[in-house]
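Visitor: If you read the sequences in order, they're chains E and L.
Residues in the first sequence are numbered consecutively from 399, following the working numbering.
Residues in the second sequence are numbered consecutively from 399, following the working numbering.
Rather than coming from a laboratory, the hints here were simulated on the basis of the structure.
You may find that some hints are simply not true.
Since copy identity is lost for identical chains, a pair holds within one copy or between any two.
List time: in silico DSSO-like cross-link candidates among lysine-lysine, alpha-carbon distance up to 27 angstroms [said to hold, decoys possible]: (1) 774 with 527; (2) 777 with 526; (3) 428 with 657; (4) 803 with 657; (5) 777 with 624; (6) 653 with 808; (7) 452 with 624; (8) 527 with 777; (9) 777 with 452; (10) 416 with 527; (11) 416 with 653; (12) 402 with 653; (13) 624 with 595; (14) 595 with 621; (15) 416 with 777; (16) 526 with 774; (17) 596 with 624.
Note that the coordinates shown come from a computational prediction; the quantities given were computed from them, not determined experimentally.
There are 2 protein chains.
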Amino acid sequence: MANKIPTRIYLSEDEMPKSWYNLRADMKNKPDPMLHPGTLQPVTAEDLAPVFCKGVIEQELDETTRFVPIPEEIQDFYRAYRPSAVIRAYYLERMLDTPAEIYYKFEGTNTSGSHKLNSAGPQAFYAKKDGLTSLTTETGAGQWGTAMSMACAFYGLDLTVYMVKISSEQKPYRKTLMEAYGANLIPSPSNTTESGKKILEKDPNTGGSLGCAISEAIEKAVKTDKCRYVLGSVLNHVLLHQTIIGLEAKAALDKFNVKPDIIIGCAGGGSNLGGLIAPFMGDKIAGKSNARFIAVEPASCPSFTRGRYAYDFGDTAQTTPLIRMQTLGSGFMPSANHAGGLRYHGMNSTLSKLFHDGLLEARSEVQTDVFDAALKFMKVEGILPAPESSHAIKAAIDEALECKKTGEKKVILFGLSGTGFFDMTAYQSYNNKTMEDRVPSDAELEKGFATILDIPQNK
Amino acid sequence: MANKIPTRIYLSEDEMPKSWYNLRADMKNKPDPMLHPGTLQPVTAEDLAPVFCKGVIEQELDETTRFVPIPEEIQDFYRAYRPSAVIRAYYLERMLDTPAEIYYKFEGTNTSGSHKLNSAGPQAFYAKKDGLTSLTTETGAGQWGTAMSMACAFYGLDLTVYMVKISSEQKPYRKTLMEAYGANLIPSPSNTTESGKKILEKDPNTGGSLGCAISEAIEKAVKTDKCRYVLGSVLNHVLLHQTIIGLEAKAALDKFNVKPDIIIGCAGGGSNLGGLIAPFMGDKIAGKSNARFIAVEPASCPSFTRGRYAYDFGDTAQTTPLIRMQTLGSGFMPSANHAGGLRYHGMNSTLSKLFHDGLLEARSEVQTDVFDAALKFMKVEGILPAPESSHAIKAAIDEALECKKTGEKKVILFGLSGTGFFDMTAYQSYNNKTMEDRVPSDAELEKGFATILDIPQNK
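For reference, chain E alone in the conformation it holds in the complex:
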């Protein structure tokens, strides 16, 4: 007998969102503006023009348009792999024997293996629209790099990807996949940029970091004709694109009159979390919902739970505008032992503001607990989750078990942002019990905080 609420809820193509939702337009307290690092004044479109495409600059700076129409060409791109399902976790509920209803929005069925494609497509489209011929970007775990490789193959653009060196060594298959899509892969730090050379001079054996790869990709873009830079998280236009996740999830759940009480997302730079929660948070701000929102981050890179709310650079070379955000300092280096993504020192400014204002909760988890949750999940739900996404699974299981204690029938929604097919070495180390949990000491955090600028705005 079929379930009253089906295991997988799909929207029809007609029901797919035609606009993205700009949460900032509904926020009573807006996030603080990006500042020019020289003048400490809010950045202008002109300031950003050498680095980014016109389309995304407009979106980045727009705090007032509530619904931003999705161009037909991008809707066409989305239809190649969307809508994605909201899945009722009947099998997980049964295993946990919980009165809670658990749902997850699954973004892992495309080849990039994650939600990243939702912003890669639009960013490649806007580049094409500007008449560009190439793009640069960075990638850590490789999901974003793969997504951009796919999007550039789709729109016929050249792409150079600076891949964090240690990741490119640990994940040769990610490289193969990006190259199959025609991308040019460069392990970072490299000798192809000044910022890369500087870092290599200081430490020739460094494994690199996302902040450093960003510096190289920006430098390369600025110095190349008809080329711009694209970023896969942290910025507000990325979150805007990712609201397709939350909008689809909400529309799917609304069909069955399901209202989530708790909404959970993993958080690195915030793109998946921000995209998932946006429309639900809009309801909360409007007083139409009492939902709780939970960000789950790795204990090894705890920008929400142990970071500072301050203006900071987005990259190690300190070339980007300043963003007021939860940050560990642009000089913070997460432990190499940490599996998967979620290794960025900062957090999107909108999410940071929501956290600062008490609208968003956050917790951190060590990775063995996260993989333990992943294995529980995959055994009954039949999907191999990405380590990143498994942070959300961990929190969803904990909340469902809490419901078991209290007897409450809460409705939990979490984001399953991607699959773990390229993370098998991490699963291997978990199986073999060689996986270690590394949590930064207070002294290590202080070292990162010391790289935050001492400016009036940070007093």
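With chain E's structure known, arrange chain L on it following the hints.
Guide: Below, chain L alone, put in the same frame as chain E:
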């Protein structure tokens, strides 16, 4: 604007098939019966009882029941990852600039990465129903082993997987994944069985073969209490379970009154091809359709296009019943250089009969052509196809290009049986242009044919 026929056609949970379809019931010329290798008489349920579960034996021998009800428990299992989408390949059509309509049924969204789970679930269920505590099986490329590991985790059964040694070395991540699901992996040939020891004595450095791993798994099952053996392809009960693919595809296409003119599947043992074509072939046999059916096999293991239609063993140690099928001989060893699955010496008896009677066409492809098609496909359709499935993509592209020449608007349906996330070394060798095509010489084939029994039925 949404498409008139959506990119992805999903059935609702209510519309999912409640029965499998037994094509043999509608065949005017039935496949020849399995024979006991000692008596050369048709095998009985008793003959098979030491090896297989009761439920599958009944299905294997049943040539008359047209629709076999799917037990509610298996429907529950299917709902964990089904229905799967039929996808209109709008983007591929656009790239090829063909008047043809191309559709594919995509079975790769579950963690096993293929259609194999459709039979793994039922086989584990029947084992549980018989009160067994463990199962044994073999796996080559690893899709079937992963699927059985998932199914056994779901139903709480122990599983021992004999994995073709060369595959277990080339694909350590497959091992990791199966172990994460709790399976016990043994590279084959091994010292855990008599048949394994015999093969190792002859050739201690052998990379193994599927036929040899089957021998070991059967031996282990027969010698273990409350244990049976399960097989992922070749046999008719496996094809029966896989008809869920074709039934869903037909129901989805019927919604939009789409009638395929050409139906294409890759073929190794035949489970994916047989499952996809069954209901469409039933229509053809009933005179209700003029569709063409095309099996696509690797040139390195050409059981359809260069094999013999003869009674042969299913395994190297020659312990199984005799099956009349297209075969290269149970002693045939496919080139180690061949990527992915589709390396079995024989072909399902029903498909072999259809081929023999002219109802099913077959062609073979060399692997560099297959990977060339895979890359074309993944760049526009956004799915990383398994090397196996890419054989079908190759033929679909060729047929679509033929339509471009003739101007015909044919409707092409192919089976995209799985994803290639565990085949990145093969993609790497294709990228690096180190991939080679190996086609067996006539002399090599003769060596295989020499292992086919010289019995009256084979005259």
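Visitor: Does each hint hold? Answer for all of them.
Guide: Going down the list of hints, with the structure as the test:
no.: 1; hint: 774 with 527; in the structure: between (45 angstroms within a copy, 24 angstroms between copies)
no.: 2; hint: 777 with 526; in the structure: between (43 angstroms within a copy, 17 angstroms between copies)
no.: 3; hint: 428 with 657; in the structure: within (26 angstroms within a copy, 55 angstroms between copies)
no.: 4; hint: 803 with 657; in the structure: within (21 angstroms within a copy, 54 angstroms between copies)
no.: 5; hint: 777 with 624; in the structure: between (48 angstroms within a copy, 23 angstroms between copies)
no.: 6; hint: 653 with 808; in the structure: within (18 angstroms within a copy, 37 angstroms between copies)
no.: 7; hint: 452 with 624; in the structure: within (13 angstroms within a copy, 67 angstroms between copies)
no.: 8; hint: 527 with 777; in the structure: between (45 angstroms within a copy, 20 angstroms between copies)
no.: 9; hint: 777 with 452; in the structure: between (45 angstroms within a copy, 26 angstroms between copies)
no.: 10; hint: 416 with 527; in the structure: within (19 angstroms within a copy, 49 angstroms between copies)
no.: 11; hint: 416 with 653; in the structure: both (17 angstroms within a copy, 25 angstroms between copies)
no.: 12; hint: 402 with 653; in the structure: both (12 angstroms within a copy, 22 angstroms between copies)
no.: 13; hint: 624 with 595; in the structure: within (24 angstroms within a copy, 64 angstroms between copies)
no.: 14; hint: 595 with 621; in the structure: within (16 angstroms within a copy, 64 angstroms between copies)
no.: 15; hint: 416 with 777; in the structure: between (36 angstroms within a copy, 25 angstroms between copies)
no.: 16; hint: 526 with 774; in the structure: between (43 angstroms within a copy, 21 angstroms between copies)
no.: 17; hint: 596 with 624; in the structure: within (26 angstroms within a copy, 66 angstroms between copies)
No hint from the list above goes unmet by this structure.
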